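*Asks:* Sequence:
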Amino acid sequence: MARFLVWSDLHDEFWEGFDLPDLSAPVDGVLIAGDTHTMGRHLEIPARAARKYGCPVVVIWGNHEPYGSVWSELLVEEERQLAVFRAEGLDIRVLHGAATEVAGVRIIGAPLWTDLKLYPELEELAYRVVTQGLNDYHNISMSPGKLMTGEDMLALHKQDKAAVFDALRRPFSGTTLVMTHHLPISKLVHPGRTIGRAEKRAMNAGFASDLWDEIKQFDIHSWICGHSHDNQNRVGDGDHGSIHFVMNARGYPGEGTPFDPAYVLSTDIDGPGLPKPPHKAKSVRPAPDETYFGLEIVNDRCVRQADIAKLPFYDFWRQSSLGSGHPMDRETGEPLVWLHDWESFCRMFILTGRHRLMKDDCKR
1 MARFLVWSDL HDEFWEGFDL PDLSAPVDGV LIAGDTHTMG RHLEIPARAA
51 RKYGCPVVVI WGNHEPYGSV WSELLVEEER QLAVFRAEGL DIRVLHGAAT
101 EVAGVRIIGA PLWTDLKLYP ELEELAYRVV TQGLNDYHNI SMSPGKLMTG
151 EDMLALHKQD KAAVFDALRR PFSGTTLVMT HHLPISKLVH PGRTIGRAEK
201 RAMNAGFASD LWDEIKQFDI HSWICGHSHD NQNRVGDGDH GSIHFVMNAR
251 GYPGEGTPFD PAYVLSTDID GPGLPKPPHK AKSVRPAPDE TYFGLEIVND
301 RCVRQADIAK LPFYDFWRQS SLGSGHPMDR ETGEPLVWLH DWESFCRMFI
351 LTGRHRLMKD DCKR
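At position 183 of the sequence shown (counting the first as 1) the number is 183 in my numbering, and the numbers step up by one without a gap.
Derived from the structure by calculation, the hints contain no laboratory data. Small disclaimer: the values here were computed from a predicted structure and weren't measured. Every residue gets a Cβ at the ideal spot worked out from N, C-alpha and C, and that includes glycine. Careful, some of the hints might be misleading.
To be verified - The list that follows gives simulated cross-link-like pairs (lysine-lysine, DSS-like), each with its CA atoms no further than 25 Å apart:
no., residue 1, residue 2
1, Lys216, Lys200
2, Lys187, Lys216
3, Lys200, Lys117
Claimed, not checked - The calculated label-pair distances, taken between Cβ atoms and stated as ranges, are:
no., residue 1, residue 2, range
4, Phe14, Gly238, 31 to 39 Å
5, Gly238, Gly196, 27 to 35 Å
6, Glu88, Gly241, 38 to 46 Å
7, Leu23, Glu79, 26 to 34 Å
8, Leu75, Pro26, 29 to 37 Å
9, Glu123, Asp166, 40 to 48 Å
10, Glu73, Lys117, 45 to 53 Å
11, Ala306, Ala155, 27 to 35 Å
12, Ala98, Phe14, 26 to 34 Å
13, Pro144, Ala306, 54 to 62 Å
Starting from the given sequences, assemble the full structure and let the hints guide the process.
*Replies:* The structure is reproduced here in structure tokens:
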């Protein structure tokens, strides 16, 4: 059995430091799944963790590590810093599509940039909204004077995917963990991000690929990822047993991400558990002529927008419903919402337990 402290999306560029947690028992390693810091400072927290816990720290890049840097120059600076840390006796390993072994556990790591094929019918739209909307294409320079393009990202995806699956194909008698920054399966996308106009849905393709059919063929204990800050954890039924998809992102200040700084993933036979188990649906039994949250049903198939506006998560609903058509009361002109749309939203909302307005995807 091995024990690993797991973090992602620490985003120390936005916070006033990160307090390393005191642990009740030693860990064999620390795993950090990207977006730790920018401008060449992404090894600061790993170095502090290596000193405090006295164990290997395994790191991958997210999309934020190269912000404000030239890609090739950042790699050189990273190797310089790693040499300094090695001279200090610290064991920090950065995986760029590579594998390493800690306490008898194989860890395969890469950012796994996306393929923009999350929704095949929206692939062309996804290319446009992702490359125009995400900050990656304004803040990452692949070489001096050359900003990252969509074609660059697709090439990185192809490179990362090949590296991860090539490593998985190599025989290994122990436990295997995979660590990527971007989401590897569609079911890790927050349900609230899948409703609304096509442009909003297409933006998810900048955060996730759907590689489940390939992933399920391999004997993987856990797949650690981040990027979305939603901490949607899942267990997939793979060909060799359960595959745990684990997210433990800190996210941005004020975002309300359910982050556990002391979450430890264990490779024992009982499985790792999840840092934040999926919120179970509550038993909701609307009264006659009412629907979820006590809203009155009008005209047999609608609810009033004014009633939704009284609820504390109105902004989240409004953001999710942008681009959707809404009826009006024929007599009063009052704006209404189709009952089936409202109940579909509520079922997902209750299932995921999120009671906040999501950050605009374009700001991530």
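*Asks:* Of the numbered hints stated earlier in the document, which are not met by this structure?
*Replies:* Violated: hints 1, 9, 10, 11.
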